[in-house]
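J.: For reference, the chains in residue letters:
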Amino acid sequence: MSVRHHVSDELLLDYASGSLSEGWGLAVATHLALCPECRVRLGRIEAAAGALMDADDVTDAQAASVDASWAAMQARMAEADAPATAKTRSSTQTMGRPAAILPEPLRSYVGGDVGELKWKALGRGAYHIPIRTNDGETSVRLLRIPAGKPVPEHTHGGRELTLVLAGSFHDETGRFGRGDLEDADSSLEHQPIADEGEDCICLAVTDAPLKFKSRLLRIIQPVLGI
Amino acid sequence: MSHLLAAVARDRDKEAFETLFRHYAPRVKAYMARQARDSQAAEELMQETMMAVWNKAALFDPERGNVSAWIFTIARNLRVSAYRKDRRPEFDPQDPAFVPDDVPSADEEYQSRQEAERLRIAMQDLPSEQRELLQLSFFNEVSHSTIAKDLNLPLGTVKSRIRMAFAKLRAALDDRLMEDHR
Ligand SMILES: [Zn+2]
Ligand SMILES: [Zn+2]
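Chains as they are written, first to last, in the UniProt record's numbering: chain A, 1 to 226; chain B, 1 to 182.
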């Protein structure tokens with residue numbers, strides 16, 4: 001089944017330019033691992049960056065300093081290590097290994113695949129694992145919502161990226177399965193509901209606490225760390 | 001440029017590399033200078049980038065992109081690790097959970113060269129405000145929300161300019177596809 005909900009142009013541009021903070025970048029890179037279509041889009045954006053760099057005018061001063069730079073470069077090359085050799089593109093490396101549910105880079109961030117994780121209870125059968133990043137801006141977690149159960153209805157103080165890794169959910173905007181990315185901002189009020197049959201595991205990245213409709217949830221929110 | 005890089009990979013051809021160096025070194029250094037504290041730091045990061053080009057030439061895959069895009073990504077990664085405290089997460093094509101590309105078409109290298117040329121022309125034709133936005137984003141490494149603040153534009157305007165720019169680039173590439181099928 002192929003991915004239907006993709007990364008927006010703006011997010012992909014920020015990821016390509018290197019300006020996207022780690023938390024959002026984790027969701028984008030993990031989507032890219034599951035989505036050949038967006039990798040093609042990323043390749044084109046990087047090609048556009050290369051074309052801009054190519055078209056950059058070189059000033060006379062810059063041109064004049066190239067000789068000195070080249071001399072320094074040659075000195076480095078003389079003491080360089082052996083060059084890297086081309087990787088042969090083969091699938092043998094992946095043979096004999098069980099297919100993983102969580103792709104890289106996410107798997108390393110949570111410290112293992114789905115079967116090896118230590119989930120923390122959130123109540124009502126839902127679990128989460130907070131993920132540490134160094135961006136000081138986003139809050140990142142892996143969420144597990146029991147099959148057929150809702151995430152409490154909420155709005156967003158800021159942006160929320162949700163990437164589905166197993167199972168599926170639906171809300172007011174559509175249905176989201178493995179690899180699908182939901183990009184919600186403060187204008188969206190929604191109640192995601194996990195579909196029947198399988199628990200829904202997703203990566204959720206936010207930059208502001210969710211605003212729950214339920215007063216009780218708002219009270220226990222700080223305790224849960226959501 | 002692609003044949004020069006191939007010569008570097010195959011024969012460790014210093015002349016070919018010098019030609020690449022003389023073209024890219026000033027551009028990569030200018031790119032680094034947007035973030036580096038002084039020109040010496042920019043020079044050092046440029047040297048590291050070009051050293052990686054020299055050493056990793058064999059890893060360049062002409063089917064997957066053109067030389068300037070490849071050098072841009074090397075420079076970007078080095079700049080991010082030099083000046084950012086957080087990481088830029090990346091996917092791993094060797095990972096068992098990685099979903100591989102669809103079946104490749106007959107001559108991807110040719111196609112990717114054609115695409116790069118199309119893109120280059122389309123970039124020149126972009127309206128200046130869209131081109132400026134891409135430039136700010138790639139070279140100054142600022143997010144689209146920061147650009148909105150800096151240029152004092154509504155975020156929605158910045159987003160729609162980005163979308164329009166990409167729609168134009170996409171259209172330029174789709175033209176080619178249609179010509180091919182004619
Ligand atoms: Zn996608
Ligand atoms: Zn939400």
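Everything labelled a hint here was simulated from the structure, so no lab data went into it.
Hints are not guaranteed to be accurate.
Only pairs whose alpha carbons sit at most 25 Å apart, straight line, appear in this in silico SDA-like list of lysine to any residue [stated by the list, open to error]: (1) A/K211 - A/H5; (2) B/K149 - A/S8; (3) B/K14 - A/A80; (4) B/K159 - A/A80; (5) B/K56 - B/D13; (6) B/K14 - A/Q62; (7) B/K168 - A/V40; (8) A/K213 - A/L188; (9) B/K168 - B/D92; (10) B/K149 - A/A80; (11) B/K149 - A/H5; (12) B/K168 - A/S187; (13) B/K14 - A/E153.
For the chain A half of the interface with chain B, some residues (derived, Cβ under 8 Å), not all of them [said to hold, decoys possible]: (14) A33; (15) P36; (16) P83; (17) L117; (18) A121; (19) R132.
Quantities reported herein were computed from a predicted structural model and do not represent experimental measurements.
Backbone N, C-alpha and C define an ideal beta-carbon position, used for all residues, glycine too.
J.: If any of the earlier hints don't hold here, list their numbers in rising order.
T.: Violated hints: 4, 9, 10, 11, 12, 13, 17, 18 and 19; rest satisfied.
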